[in-house]
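**Q** One letter stands for each residue in the lines below.
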Amino acid sequence: MKFRLPFAPLVALRFLREGRMQTLLILAGTTGGVAVIVFLTQLITQLQAQIVDRVLGSQAHVVIRPAEEVNRRAIDDAGFASIIEPRAQRLRSIDQWENIARLAADMPGVTAVSPVVTGPAFAVRGQASKSVALMGVDAERYRRIVRMEEYMVAGRFAVDGTRAVIGSELAKDLGIRMDDKLRVALPNGRDELLQVGGIFDIGNKDLNRRWIFVTLPLAQSLLDLPGGVSNLDLTVADIFEAQPVADRLRGATSLTVESWMQTNAQLLAALRNQSVSNNLIRSFVVIIVALGIASVLVVSVVQKQKEIGILRAMGASRSMILQVFLIQGAVVGAVGSVLGSALAFTLLNVFSAIYRNADGQPLFAAELEPRFIVMAAVVATFVGLLSALIPARRAARMDPVQAIRS
Amino acid sequence: MSTPVIAPVIELAGLTKAYNLGTPVETEVLHGIDLSLAEGEFAALIGPSGSGKSTLLNIIGLLERPTGGRLSIGGRDTASLSEAEITQLRGRSIGFVFQFHHLLPAFTALENVMMPTIIARGRADDEAEATALELLDAVGLKAHALKKPAALSGGQQQRVAIARALALRPRLILADEPTGNLDTHTADDIFALLREFNRQSNCACLIVTHDPRLAARCDRIVRLVDGHIADDSPASA
Ligand SMILES: Nc1ncnc2c1ncn2[C@@H]1O[C@H](COP(=O)(O)OP(=O)(O)OP(=O)(O)O)[C@@H](O)[C@H]1O
Ligand SMILES: [Mg+2]
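First to last, the sequence lines map onto chains A and B. This note's numbering applies: residue 8 is where the first sequence begins, and numbers increase by one. This note's numbering applies: residue 4 is where the second sequence begins, and numbers increase by one.
Isolated chain A (complex conformation) (with noise of 0.2 Å):
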C-alpha cells in the first residue's frame, strides 16, 4: 500500500513546493527568527543560571541569625536604615538553636541546617597578621551548605580539635602551607594555636582571605559563646523558594531571616530586568515572524485565487480550503522551528569557541536544552497557524466563480 496524505496536508505540502521562492523566503524568516529565539534564551538561561551558581556558591540559601531589636529600634527613631550599625562587639546566640535547627529542618523545602558560630579575629604568623573571621561549623553538616570539598586545593575540609581550614590568599598572605601552624587572636583577648589541615579556593579572593574554619566547640570558646551557635545556615531543594522558606521561618520564630534572594536583591533585579529584555526581544521576534508568514501567504492567496476556485467547484469546502492555508503557516513555523533549532545549535557552537573567560574557559557550554527545542516547535508551529488564519479565511471566503472566470 502506498502512503497517500489526506487531501488539505497533500494539497497545502504541493502549494509550498510550487511557491518556491516565496517558501524559502518565509522559511528562512522563520528560522532566523526561532535561532534568534533559541540562540537567545540558551545563552541567558545558561549564563543566568551560572551567575546564581556562582552567587550561592559560597552563600547559603537562608540564614537564621538573633533577633535585632537594638536594629530595629534604630530603624524606628532615626527613620532610615543607613543609621544602623552593627554592633560588632558583643556576639548573641539565637535562644535555643537546637529546637531552631529541628524546626528548620523540619519545614518542607528545607534541605539541610548547620550551625555556625562566627566572630572576628586576627590570624596572626611571625610579624604578619591579617583580620579573618572564624567560622565554627560541623564540616560534616557545612558541607550540605557550602560544598567546600568542591573547592579544596590542599588537604580535606575537615576540622577537629585545632586542625583548622583556611583560604588561599590567607595561606598566600601568610606564607602557610599544610601542616603549618598559625595563631589566632581575639579581640577578647583570648588566642589559639592552629594547624593547616586544608587550604580551600572558593572563587573569591575576600572570602578566600577571611575565612579560618575550625571545630564549633573551639569557636564557641574563643567567642565567648559557649553552647551557642551565631547563626544557622540553611539550603533549600528550589533555590527560588528560597524567600518563602525564609518568610515562614521569620513568622514561626521571630528571628531575624534572610535569604539569598534578599541579601542578593540587586543581582536578582539585574537578572529579572535581563529576563525582561530578553521577553520583549522574543516578542518582537515571534510579531515580525508573524508578520512575515501572514503576507507572503496573503500573496500566496491571491495568487492561488484560481486554484482555489478550481478546488471548490471540484468539491472542496470552505473548511478544507481554510485547512490548506493553516497547514501551510503550521508546516512553516514547524520546519522553521527545526532549522532555526540547528542554527541556533550551531551559533552556540561558534560563539561558545569565540568567547572565553580569563582563564580561557568558554563564557557558555555549547548545548542546547531539548526542553528549548521543543517550546520552539510548539510556538513556531502555533504562530504559524495563528498567522496563517488570516489569509486562510480569506481563500476560504474566496468566491469560486469569480476565481474562475478571472
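None of these hints come from the bench; they were simulated from the model. This one's a predicted model, so the numbers in the text were calculated from it and none came from an experiment. For glycine and all other residues, C-beta sits at the position ideal for the given N, C-alpha and C. Check the hints yourself; a few may be wrong.
Here are some, though not all, of the chain B residues that point toward chain A, as calculated from beta-carbon distances under 8 Å [claimed, not checked]:
no.	residue
1	Phe99
2	Ala123
3	Ala127
4	Glu130
5	Ile232
Fit chain B with the ligands to the known structure of chain A by using the hints.
**A** Leaving out everything else, chain B with the ligands in the frame of chain A:
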C-alpha cells in the same frame, strides 16, 4: 408534451439571476429560465456573447445561487440545501470542463484526474488511481500521466480536464466552451470524447459553444438571447 420516460437530471423553473442586487447598478442577467435536461441528453447552449450562458452554467453547476426561481438537481430542490450540502452535491454529481482547462499546475495529470475523488473521499486510494489511469487511457494520455499540465499541449490539457470531470462518474457534465481555444481539428477530437462518454455513461451534458458546426452535432440546441431562452429544439431540425 409527452411525459418523460426518464427522470430529469436538472430542472429549472422561472430561474432568474441579478447582479449587484439593491444597488443602483442592479442588472438582471437571466430572466425566468425554464429548462430541463434528461438523463443521457447531450445539449448545446449557444447564444451571443453576454447573453448569460456562463452565468446559467455556473448556476446549474451550483457555483452561484440564483436570485429567483427553482433549480432541482436529481429531483432535489437546491434552495433548501446548506452551503456544505451544495458543495458536496457539486463535487459528487457534477463534472466541469472549462474553456481554459483550469488544471492545477502543481499536480500531475494523474493527480488532477484523481482530485475530485481525493476531495470526495478525503484522500486518494488505489481504486481512485486505477480509475484515473483508465480515464487517462481513454482520452489517450496514459503515457503522459505523470506530466504536469505545463508540459502538455492545449488539446492534451483539455483532455485531462475531461478525464477529471468524469472521475466520479457524475450524472451531469457542464462544459463552458471546452473547445473555445483549440484549433478545429483538436476541437473535433475533444467534442468526440465528450460525446463518447455521454453515450457510455448516459450522463446528461450541457455544452456552451460558439461553434455552430459542433452545436449541430448535439441532440438538442438551446439558444440564449439576452437572458431569455429564444429557442430550444432538436439539433437535426
Ligand atoms: N459578477 C458579475 N457582476 C455583474 N455582472 C456580471 C457578473 N458576471 C457576469 N455579469 C454580466 O452578465 C452578463 C452575462 O455574462 P455571461 O458571462 O454569462 O455571458 P456569456 O453568455 O457567457 O458570454 P460569453 O459568450 O462572452 O462568454 C454579462 O453582461 C456580464 O457582464
Ligand atoms: Mg461565457
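**Q** So, for every hint listed, does it hold in this structure?
**A** Against the structure, the hints come out as follows:
With a cut of 8 Å, the hint placing Phe99 (chain B) at the interface with chain A holds, because the nearest CB-to-CB distance is about 5 Å. Checking Ala123 (chain B) against chain A: minimum C-beta separation of about 6 Å stays under 8 Å; hint holds. With a cut of 8 Å, the hint placing Ala127 (chain B) at the interface with chain A holds, because the nearest CB-to-CB distance is about 5 Å. Residue-level restraint check for Glu130 (chain B) is violated (minimum Cβ-Cβ distance to chain A is 12 Å; threshold 8 Å).
Using the Cβ-Cβ criterion of 8 Å, the hint placing Ile232 (chain B) at the interface with chain A is not satisfied: the shortest such distance is roughly 22 Å.
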